[in-house]
Amino acid sequence: MSERITGMSMNAGFAARTVRAAALVMGVGLTLAGLGAGASASEQVQPPREKWSFSGPMGNFDPAQLQRGFKVYREVCSNCHSLSMVAFRNLAEEGGPGFSEAQAKAIAEEYKIKDGPNDQGDMFERPGRLSDYFPSPFLNEQAARAANGGAHPPDMSTLAKARTYERGFPWFVFDIFTQYQEQGPDYIHAVLNGYEDPPEGQKPAQPNLHYNEYFPGHWIAMPKPIQDGQVEYTDGTPTTVEQYSRDVSAFLVWAAEPHLVARKRLGLVVMFFLIVFAGLLYFTKRRVWAAAH
Amino acid sequence: MEGHSTYQPRSRAARWLEDRLPIAGLVHSSAIAYPVPRNLNYFWTFGAILVVMLVAQILTGVVMAMHYDPNASNAFLSVEKIMRDVNYGWLLRYMHANGASMFFLAVFIHIFRGMYYGSYKAPREVLWILGVIILLLMMATAFMGYVLPWGQMSFWGATVITNLFSAIPLVGETIVTWLWGGFSVDNSTLNRFFALHYLLPFMIVGVVGLHIWALHHVGQNNPTGVEVKDIRKDTVPFTPYATLKDAFAVTCFMVVFAWFIFYTPNYLGHADNYVEANPLVTPAHIVPEWYFLPFYAILRAIPSKLGGVMALFGAVAILAFLPWLDTSKVRSANYRPLYRQFFWVFVGVCLVLGWLGSKPPEGAYVVIARICTVYYFAHFLIILPLLGFFEKTRPLPPSIADSVLSVARGPAPGNPGLAAPATGARS
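Quick mapping for you: the protein sequence lines, in order, are chains A and B.
For the first sequence, our numbering begins at 1 and goes up steadily by one.
For the second sequence, our numbering begins at 1 and goes up steadily by one.
Keep in mind the hints are simulated off the structure, nothing from the lab.
Don't take every hint at face value.
[Claimed, not checked] Facing chain A, a subset of chain B residues (Cβ under 10 Å, in silico):
| hint | residue |
| --- | --- |
| 1 | Arg-38 |
| 2 | Met-83 |
| 3 | Val-236 |
| 4 | Val-275 |
Quick caveat, the model's predicted, so the values are computed rather than measured.
Ideal placement from N, C-alpha and C gives every residue a C-beta, glycine not left out.
Put together the whole structure using the sequences plus the hints.
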């Protein structure tokens, strides 16, 4: 009997070694593939990681920063980019830029909104109300393209969630645990700061393109949108491109995810409940099963 | 293996109902008295987790359907309205989107558990095949659900996958036009996908009912793979034992689920799907959701379109034949030293295929994808059939109760083959 068992384990041991060798060969192949892939993945430069007030489980928007970001949007971005899914009322909602209702109303009234038809069948313009959405700078996509050298400035309502960059293995695994969800604002911030002179000898495929370190493929249709000192801040915050881009990125995260703060707050309560409940269930289960053994 | 119903209606009203419709007795026999092998580990809680996920998906989905507009010009906006203006709409949508991922995570663990412990072997073949049908229905449902937000990845994913049918000789193009309801993915495609996305989950509920019925008829497999011999010694009643264990496991799973919903809700999605569908702009990489990536890698590994489509569907269909491809008499990998190794290699190959599915099909990726695809099929068609003849299995415990006792006491020294194996050890 014991001889049989020894023979068996030897046999199994040999097979185990074979299988392990096969796994090793496959692993080496994978590593090589990873090295080869490095070259093709270099089409996009990884944006630097920034610190954001809204990252992590306790993340919160800084109302002052959102108000500054909104100012940058209104004075600069909105000349070409729409924000069609955000309403003026959102500006006064909890967890946002923290405008009072009166302030939001005043902002809305500065915009002309096309309405109608009236009783005579005519379209007319009136001042904006809280329930209105931000009007778009162009009548339609074609008009936007005609005014921007053929490029269509994207709507900014979901932009912070619609932009990302590839994290690669193993970072994408760690991101689950570190809750890194700020690829969008990191990328937007990097692009706004990434305008430089093209490297020697590099030319765009078509005119009207601008070299940007962080834009995939480097040639972006949008010219450098903002200069130092272009937007006036009243709270003493430095008026640099770096600061503008940080503030407007934060504003765009709020615009794309207006309930972010409520989500993280509720998450904390849910997590606390689930973990306590799981603990109670575990001890109940142990108590009940103790009798079965 | 069905427990004899010990249900005795106590009140007169209950007795009156039981004589006319024995529904309380049915619930009692299947959810309270039903005997469960006492040695089940936590991998056996995924059935309960899956039921909870299915119910959660249906509840969140039905509420969202009240706010969603399946019209190509408004679908994207209506989803954003759910996110912004519907009370707790963001919660519903993140639950539903991440719920699909959690559903697949749980079902993959459930399937791998079945493969590890040989749960598909006689008399559980029909139970297993019903499971494969559920997987297919889930894949169809998830695919069509992903199209509904009408983002860039929705649109282009739908275009790529429906175009697969054009590989069918002669009638392929006609079938694709019929699927689309037109000559491209458009409003009519979105409408029918919405209708089917609402229908299929209820078909899943039906097949899940059959799956559970079959399960309760043949009884659960267990980590030893040895059948229940003495209900009194080998099993415990479902309630309170399995009920409490399942409740604990479900709650732990909910912690993971909640982590994704509240802290990383867009981690498993694609940024491109926050850009509205545009038939004129193709995304740089069209990538399906993570749970389709291994199959997507298999599709692209085959250099011919028709061959790729056949390999894709074959990769799922081959699971249905598993009960007959595995020739070993021993169920559990715990007593199959070779199969256990091959099982983990197979899991590794599936993970590598998943990773490859997210990579562009070029250079070394294609080579590895081909090696892994060949291995995937070889696992079922060569390794499993042969293993049954060449593998020397370890002796099985005489009964479930004995295995539990020997674990509690530790193995007797110098006497590894405590009892003659019931099956296995052919040579």
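Among all the numbered hints in the text so far, which are the ones the structure does not match? As far as the earlier hints go, not one is violated by this structure.
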